[in-house]
Amino acid sequence: MAAGSEVYVLGGYQTDFARNWTKENKHFSALMRESVVGALEVCQIAPEEVESAHVGNFAAELYCMQGHLGAFFTEVDPAFSGLPTGRHEAACASGSIALLAASAEIEAGRYDLQAVVGIEQMKTVDSGTGGSYLGTAAWYEEEAEGVSAPFPKLFGRLGDEYDRRYGLKDEYLAEISKINYANAKLNPNAQTRTWYMNKEHALCRTDDNAAIGGRIRIADCSQVTDGAVTLFLASRDYAEKWAKGVGKKLSEIPRIKGWGHNTARLKFDDKIAESAGAEYVLPHVRSTITSAMKRAGIENVDGIDGIETHDCFTTSEYMAIDHFGITKPGESWKAVEEGWLEIDGKYPINPSGGLIGAGHPVGATGCRQVLDATLQVTGEAGAYQVEGARNFQTLNIGGSGTTSVSFVVGVD
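Here the numbering used here is used: position 40 in the sequence shown is 450, and no number is missing along the way.
Careful, some of the hints might be misleading.
[Claimed, not checked] The calculated label-pair distances, taken between Cβ atoms and stated as ranges, are:
#1 Thr604 with Glu485: 26 to 34 Å
#2 Thr539 with Ala481: 43 to 51 Å
#3 Ala481 with Lys433: 44 to 52 Å
#4 Glu517 with Gly657: 39 to 47 Å
#5 Glu709 with Glu485: 30 to 38 Å
#6 Glu458 with Gly657: 19 to 27 Å
#7 Ala514 with Gly577: 37 to 45 Å
#8 Lys433 with Glu458: 29 to 37 Å
Treat the hints as calculated values from the structure; they're not laboratory data. All residues carry an ideal CB built from backbone N, CA and C; glycine is no exception.
The whole structure should be built from the sequences, with the hints applied where relevant.
Quick look at the structure:
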């Protein structure tokens with residue numbers, strides 16, 4: 411980034427991902443309202459100060475029969491009437507795309523303070539219908555139409571590709587599941603914080619851990635979640651004034667140090683065909699990660715204190731391990747065996763519980779990851795704090811490795 415174009419993350423608010431807003435008989439607008447009002451209060455920002463808003467959402471037109479989501483932001487407070495707003499969609503990376511758009515506008519000098527809302531209400535339909543809706547993040551007619559649970563099957567094939575190239579034991583995927591569920595118990599907003607899971611259960615092949623798609627079983631899956639996260643991004647000028655107002659130094663305010671963004675071909679088969687003979691199974695995901703590091707001035711993963719990655723399934727986290735450079739390609743199992751992924755490990759991954767443990771409201775996940783990264787580098791993550799964290803990196807993936815976005819959030 412050019413000098414003076416830094417983008418600061420002032421903080422934000424996450425709704426409780428365990429809640430079912432349909433059972434509470436609450437409208438989509440109530441979900442957005444809670445996250446926005448909560449963020450205003452946490453960040454001590456007056457509604458009149460907000461200059462623009464971006465909403466990340468995948469499929470409200472399907473789940474809630476509602477489009478035009480940017481307009482819902484104006485319903486939260488009378489001061490928001492007339493604000494420029496917009497909605498961004500890139501499947502499970504929708505929240506990150508909204509963050510990219512907001513940060514670019516700050517860098518361009520258009521606005522000094524922007525709200526970014528990631529939101530999804532998914533518990534409006536049965537699991538079969540919801541699975542079909544999620545299938546629209548793939549090439550629907552060719553990969554999802556008439557297919558039960560299309561995404562577990564697609565990410566099961568990611569595991570199959572690792573198995574074909576390098577070998578992959580189920581015990582490593584079970585350990586990833588166990589860690590994320592254990593971390594979620596430390597997170598007061600995690601969907602599964604009261605659930606039971608251990609490695610033996612994740613490995614069992616009984617009806618209570620049934621196969622969903624290929625090698626993917628229930629314990630390997632992220633959750634169906636209602637949730638919203640609102641973040642405030644600011645220019646250096648606004649952040650300086652804000653820091654003084656809340657009794658902090660500018661150097662204590664996190665900023666987006668680096669970002670990466672790539673879009674691969676939509677169909678999983680095409681991605682795998684393109685990567686034949688390549689060092690990494692999903693090279694565009696690898697490039698997204700390394701681009702963010704490079705822009706942050708960080709040489710490699712050893713300069714990162716922790717990671718919030720897209721574990722929509724255990725196979726996607728297994729992929730992320732070597733794509734972050736924690737191990738050589740195909741050797742992700744070494745990090746699992748060595749205990750590096752634990753909160754107190756060498757390379758902590760998903761201390762929040764990730765998508766498997768914390769929950770996965772599709773359009774909100776990218777924002778939730780950045781909020782958790784912000785909490786980590788300010789020492790405010792509570793029971794799931796990574797000690798001494800100053801640089802945290804996210805990886806948010808839409809589709810079967812199609813749209814990938816990564817942020818490095820850190821303090822100086």
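For this session: Sort out which numbered hints this structure fails and list those numbers smallest first.
Result: As far as the earlier hints go, 2, 3, 4 and 5 are violated by this structure, in ascending order.
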